[in-house]
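K.L.:
Can you build the whole structure from these sequences, using the hints too?
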Amino acid sequence: MEEEYYNQWLCSLVGMTNQAILRAVDSFGSAKAVYEASAEMLETVFTPFQKNVVMESKKRFSSPEILHRSYEQLQEKKIRFVSRFHPQFPKRLLEIPDIPMGLYYKGELPGEASLSVAIIGARECSAYGELVARELGQFLGKKGVSVISGMARGVDGISQRGALAAGGKSYGVLGSGVDVCYPQSNRSLYDQLESRGGLISAYPPGTKPLARNFPARNRIVSGLSDVVVVVEARAKSGTLITVDMALEQGKEVFVVPGRVTDGLSEGCNRLMKQGAGIVVSYEDFFEEICSLKRQTNPDRENLNEKLRKELRKLEQVPKEKLPDIPEELFEIYEKLDWMPKTLETIQGEMGTGITMTEVQVMLMRLCMYGVASQVSPGAFRRV
Amino acid sequence: MYSSIFSGALLGVNAGLVKVEADVTKGLPTLNMVGSLGSEVKESKERVWAALKNSGMEIPPMHITINLSPGDLHKEGTAYDLPIAVAMLESLEFLPQGCANQILFLGELGLNGEVKKARGVLPIVKMAAEQGISECVVPMENAKEGAVIPGIIVRGVDTIMNLIAYLSAEKSEKEAILPRVEVNTEELFEKMQKQSDLDFSEVNGQEIAKRAAEIAAAGFHNLLLVGPPGAGKSMIAKRIPGIMPPLSVQESLEVTSIASVAGTLGDRNLITARPFQSPHHTISPAALTGGGGIPKPGMITLSHRGVLFLDELTEFQRYSLEALRQPLEDHVVQISRTAGNYTYPADFMLVCAMNPCPCGFYPDRNKCRCSEPQMKRYMGKISGPILDRIDLCVELKAVKVDHLLKKGEEESSEQIRERVEKAREMQRKRFHGTRYRFNADIQAADMEAFCELGAEEQALMEQLYQSMGLSARTYHRILKVSRTIADLSGCNRIESSHILEAACYRPAQDYWI
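If you read the protein sequences in the order shown, they are chains A and B. Going by the numbering used here, 194 is the number at position 194 of the first sequence; the sequence numbering is gapless. Start counting at 1 in the second sequence, then tack on 383, and there's your number in the numbering used here.
Honestly, the hints are just simulated from the structure, not real lab data. These numbers were taken from a predicted model, which means no experiment stands behind them. Built from N, CA and C at the ideal position, the CB exists for glycine as well. Treat the hints with care, as some may be off.
For lysine to aspartate or glutamate, the following DMTMM-like pairs were computed, each having C-alpha atoms within a straight-line distance of at most 20 angstroms [as the list claims (entries may be wrong)]: (1) A:Lys77 with A:Glu194; (2) B:Lys783 with A:Glu124; (3) B:Lys621 with B:Glu565; (4) B:Lys812 with B:Glu793; (5) B:Lys500 with B:Glu569; (6) B:Lys750 with A:Asp337; (7) B:Lys428 with B:Glu459; (8) B:Lys500 with B:Glu518; (9) B:Lys527 with B:Glu569; (10) B:Lys621 with B:Glu793; (11) B:Lys500 with B:Asp650; (12) B:Lys527 with B:Asp650; (13) B:Lys783 with A:Glu349; (14) B:Lys750 with A:Glu124; (15) B:Lys750 with A:Glu135.
From chain A, some residues computed to sit far from chain B (all C-beta separations above 10 angstroms) [to be verified]: (16) Ile278; (17) Leu314; (18) Glu344; (19) Leu363.
If you anchor each label on the Cβ, the simulated ranges turn out as follows [to be verified]: (20) B:Ser754 with A:Lys313: 53 to 59 angstroms; (21) A:Gln184 with B:Ser631: 36 to 42 angstroms; (22) B:His714 with A:Thr345: 53 to 59 angstroms.
P.N.:
Structure, rendered in structure tokens:
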């Protein structure tokens, strides 16, 4: 138990990579030993910056009692911590490369015995993606399967809501601290997940949702699940990073097929061609994952290797050719999507210092060049 | 004996002079009334008779004839009681001959002799002043309303006894009996001008809608707000009168006259705030345009010089909306009845609000499940000709939490009004000596004269026209709105950015399903 205080302390250091922490624990033997190590000894495993972080933190937590206190403070905030050395640490995560040092969580961790499925996909999903995400979430929730996802906008959050609505359990893996709700629009989901599933993060409480945190978050999403389902993904998308990690971790990947003309399904369809599992119907999918569970498929490795190759290829897909428009309009064109976006959203994404009138004028110019269209008085999309 | 007394009749929101004549002769004792009278006027003799009796006057048994001239003008309302009573008393020689010369009387009598409130005092007093009548005696409650008209003495009277005392008194004592009611119009104006409690600073976010409201107010363009319930459409609409320039004294008298005729003036003497009318969507065409045997002003007349706000535009009856077409074009409404033609002013700015689709979430296809036929049906409820008269269309989104929490960063109505007034000033100069007042009025034929474009802008308009498949009407609307946007930024020339911004507000039906 005492060792957990030190483990938590190591995890709470800001600016540390998981690798550096593991290296230190390996070479000193335990987190406690890292805490007690001298500055010179620390220099042998950490970069100078990381060493300073450790030293600064040691000044703040100058005695084991203060460490205990900070651990207890977390408990008071209903935030729990479990390190990779703790018996309650999810077994599934112990099987992946680059095991996180520890997890912070609110609510509970996914059950070891029950099946767990990650449902992932585009943030800007289509109505079709939304429908499938919700129905699949509901279906799995009803069957008692845990739904794991990143609580993001779009497919992630919708599938989790579906699972909860059906009375199932769902777990949100966050790229921020577990006490930070991001995106704000998923506030109600965040609250429900705490009481009817769990909120999980490798980052200490209070961490902001930084872009660089998300790939590592994705690793945990796939790591915590037995199977990963992709509902909608473009050829180049963040979702495919999670898929790559799942394949690397040896997980079975399923995709939801989409229409040929639909850019939002291109990633799924390409993976399907290379032999990824296909969600033909929810029942069929459920039968397949039941038979897969905990059994190693000798062909799996080969298949996953093939799928990863496809992902590399997808990365090479040339960036969409920019249309023939004046250079000053490129930036705003990039912000547009095939799904309508409101003027407010576009202005927000363009950053500060640009007035709404300027945004309107630029968008109207795009319309004139025939590369955008005004679908309603306040919303635009690409053409 | 014969006597003749002045009174007034309402003709729409204007008034006409009516003479009440009384003649007394020996004969069968009766009281006859003639002169194309409505039923309220016919009943008048009972009220007058009882009021006089109860005020202690013994009416001798004579043959009395009352005539209200001109005889071909249909007369309505209860305000003739007082002039009839005075005419009778004078012809019966209860009052000295000629004591009521050059005085106009208005007022309803109670059976106990009290004088009750009348409708339309302001326009009648105004007419009296124009006709050169020197004095008006009106019910005490309406006295201040009439007194805002300069150049005429207005006295308020509460009982018929007091009026008799006043009319029979020596000249020197008159003032003490019924003192002249005076109102300092300018002071009143200044005092009341600062009373609007709705301010744009209370509207959080909705930047585009506010901008559109500013443009609409500057050029007197009609505006359509589209957005889900609760986005703040009504909130913005209600604040539009507050960013228009304040009413001039002339306009204020017009607006007050209308309210006086409609009986909505209440205890105000003068209306100095621009009207804002928001009728419920079940309103009938007659209530909107004005109606009744002798038509009363409708909502469009009550919003003269101000804003008519139609919330839930798609829910209005088709006939009600169609009735707006002619007034929107002519700025007056003509109502014909057997009794005559009535013209009411109706120079209002039309602000409409509606949901983007039956469920309210379009174009957010993640939430909106409305099918195309459903949406077509929904949009189809509004007739094209009405949408054709709307220059600006803007979409509102549900307000985000962070906008609600932000405080004190929003512009006040006064700041916006300053810009609007500058743009109005530019329009005043531009349209001096023409029939136009605002950019919104410009007709297609005069477009070139007032919305002149440089070569570059001309090319842009052509490109817009072709790439967006605009109609000729939309083309002109974009031009008018860009003229206003240019005015707002103080530019004499319309620039490309003005045109493109205007195009962004182009009316809905061009791209909506």
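K.L.:
Determine for every hint whether it applies to the structure shown.
P.N.:
Here is how each hint holds up against the structure:
1. A:Lys77 with A:Glu194: holds (12 angstroms)
2. B:Lys783 with A:Glu124: holds (19 angstroms)
3. B:Lys621 with B:Glu565: violated (33 angstroms)
4. B:Lys812 with B:Glu793: violated (31 angstroms)
5. B:Lys500 with B:Glu569: violated (25 angstroms)
6. B:Lys750 with A:Asp337: holds (17 angstroms)
7. B:Lys428 with B:Glu459: OK: B:Lys428 and B:Glu459 at ~14 angstroms, within 20 angstroms.
8. B:Lys500 with B:Glu518: holds (18 angstroms)
9. B:Lys527 with B:Glu569: Roughly 14 angstroms between the alpha carbons, so the hint for B:Lys527 and B:Glu569 holds.
10. B:Lys621 with B:Glu793: Roughly 17 angstroms between the alpha carbons, so the hint for B:Lys621 and B:Glu793 holds.
11. B:Lys500 with B:Asp650: holds (11 angstroms)
12. B:Lys527 with B:Asp650: Holds: B:Lys527 and B:Asp650 sit about 9 angstroms apart, inside 20 angstroms.
13. B:Lys783 with A:Glu349: Measuring from Cα to Cα gives roughly 15 angstroms; hence the hint holds.
14. B:Lys750 with A:Glu124: Within the cut-off at roughly 13 angstroms; holds.
15. B:Lys750 with A:Glu135: holds (15 angstroms)
16. Ile278: holds (25 angstroms)
17. Leu314: Nearest chain B Cβ is 25 angstroms from A:Leu314, so the label holds.
18. Glu344: violated (6 angstroms)
19. Leu363: violated (7 angstroms)
20. B:Ser754 with A:Lys313: 53 to 59 angstroms: violated (39 angstroms)
21. A:Gln184 with B:Ser631: 36 to 42 angstroms: violated (49 angstroms)
22. B:His714 with A:Thr345: 53 to 59 angstroms: violated (40 angstroms)
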